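Engineer: All chains, please: the whole structure from these sequences, using the hints.
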Amino acid sequence: MPSHSLNKNQSRVIVVGAGIGGLTAGALLAHRGYSVLILDQALVPGGCASTFKRQGFTFDVGATQVAGLEPGGIHHRIFSELNIDLPEATPCDPACAVYLPGESTPINVWRDSAKWQEERQKQFPGSEPFWQLLATLFDASWEFQGRDPVLPPRNLWDLGQLIQAVRPSTLITAPFTLFTVGHALRLCGLGNDSRLRTFLDLQLKLYSQVSAEETALLYAATALSVSQLPQGLFHLQGSMQVLSDRLVESLERDGGKLLMRHTVEKINVENGKANAVVIKNQKTGETWTESADHVVANVTVQNLVELLGENAPSGYKQRVAKLPPASGAFVVYLGVDKSAIPADCPPHLQFLYDINGPIGENNSLFVSVSHEGDGRAPAGKATIIASSFVDFTPWWNTQDYEGLKQKFTQDAISKLSQYFYLKPETIIYVEAATPKTFAHFTGRESGIVGGIGQRIPTFGPFGFANRTPINNLWLVGDSTHPGEGTAGVSYSALTVVRQIQAQE
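Our numbering puts the first residue of the sequence shown at 1, with every later residue one more than the last.
Heads up, a few of these hints could be off.
[Said to hold, decoys possible] Derived BS3-like pairs: lysine-lysine, alpha-carbon spacing no greater than 25 Å straight-line:
#, residue 1, residue 2
1, Lys436, Lys283
2, Lys338, Lys322
3, Lys317, Lys436
4, Lys407, Lys53
5, Lys257, Lys273
FYI, nobody ran anything at the bench for these hints, they're computed from the structure. Computed from a predicted model, the values in this text were never measured in an experiment.
Structural biologist: As structure tokens, this is what we get:
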């Protein structure tokens, strides 16, 4: 570590995992005067928000859009504190164009609130009471989240932060804490509106990992409203990697250190307190133990239990074991000639081809398309990234992995061909990723993506806390409040930084 960053009283923090949550926590702690070491087993930082390059194309691995860049948004706040520039970005408008089975006109989720209201009233007549309920809950929840509550609270300091974030306006959300979106639809007399439910299932699956019937209403209110002004979803100039690169620059400027290709094999615990990690250098095979005052784990809860081994508290271990199965992802990355892209193609689309089909759950694809000059493709060319949630188990149990991968790839391309002009002469490059690929490159157990499903027992007040049952061991990332996405994991990082500082 650079000598100027150390003093005798400086606490040493080791961060396990250089996803956006880990990088944000590490950069903030280094900026606030801590000695920080971040370790990751991958080649490049960013985790599920990193990128790779092939034949002149730049592909975003998983995450393709960002929330929280607007003034007051979480990335804006964090980048301002770190005194680094926000990445250049264009707002996504529409945030998504959603195609339902057999329909050739999309449901456009517009950024302008009035335009979106007009669109949904046209698409789903009679549904306005439901959307107004969401808007009311979103306004209260958003203000509450902006005051940095700690959820779920695990000690008096956490509880104090939570209470300070509550206002009379927050209390409007209380009666709906145990509601799902399904409950709200029935409350508004829309329980039998199958077209609206299909749309909500598709959109919520992206954010909450589960259907409308299961998604916690308070979580859905934010997930379904954040794409409108004054918030919004953004497409980064260059690639998603820009976010990680800026955080790494900030970390290193403030004396922190990042080591890639270093695997953390174990978190050591003594007298109920995390005090060291066992590290393996992947290039040399050398293994050593590095001591720490705090360990911040930017991993899934499943991985955390594994890293703790015999030190994992039995109650915690049981809770993780009882979680409903998480989703994996199948992603196809296409480098294409620009002629494959229809005119005025929005940056993000979602297709549900039919209710039951071979690719993914509900046979749906979430698609991100590059645009001219955004740094992802050479002139006259473009990238198409199409992802689908899948059950991860067949990918680990199949006798013919390559055959299964090929089948999914061909099926995805044939589905995409219903919208894009995909022919041998327009397709320049094809690559696919499966849960096995994600497990290999991100280290996430079984290649699961997107965090914990935001059902009632696992969202917000009932979810996994940043403060683990082991002292000085902290959890950041998409297993914790407020869930997945770069904005969600950045909130979790900020919470942990504040908790560590309050404890010092």
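Engineer: All hints are to be evaluated individually against the structure, with a verdict given for each.
Structural biologist: Hints, verified against the model:
Of the pairs offered as hints, the one joining Lys436 and Lys283 holds, with about 22 Å between alpha carbons and a cut-off of 25 Å not exceeded. A C-alpha spacing of about 47 Å is found between Lys338 and Lys322, which places the hinted pair above 25 Å, so the restraint is violated. Taken as a hint, the Lys317 and Lys436 pair is honoured in the structure, with Cα atoms around 24 Å apart against an allowance of 25 Å. Distance hint between Lys407 and Lys53 is fulfilled; the C-alpha atoms sit about 24 Å from each other, no more than 25 Å.
Proximity of Lys257 to Lys273 is assessed by CA-CA distance (about 23 Å); at most 25 Å being required, the pair is judged to hold.
Of the hints listed earlier, the one the structure fails to meet is number 2.
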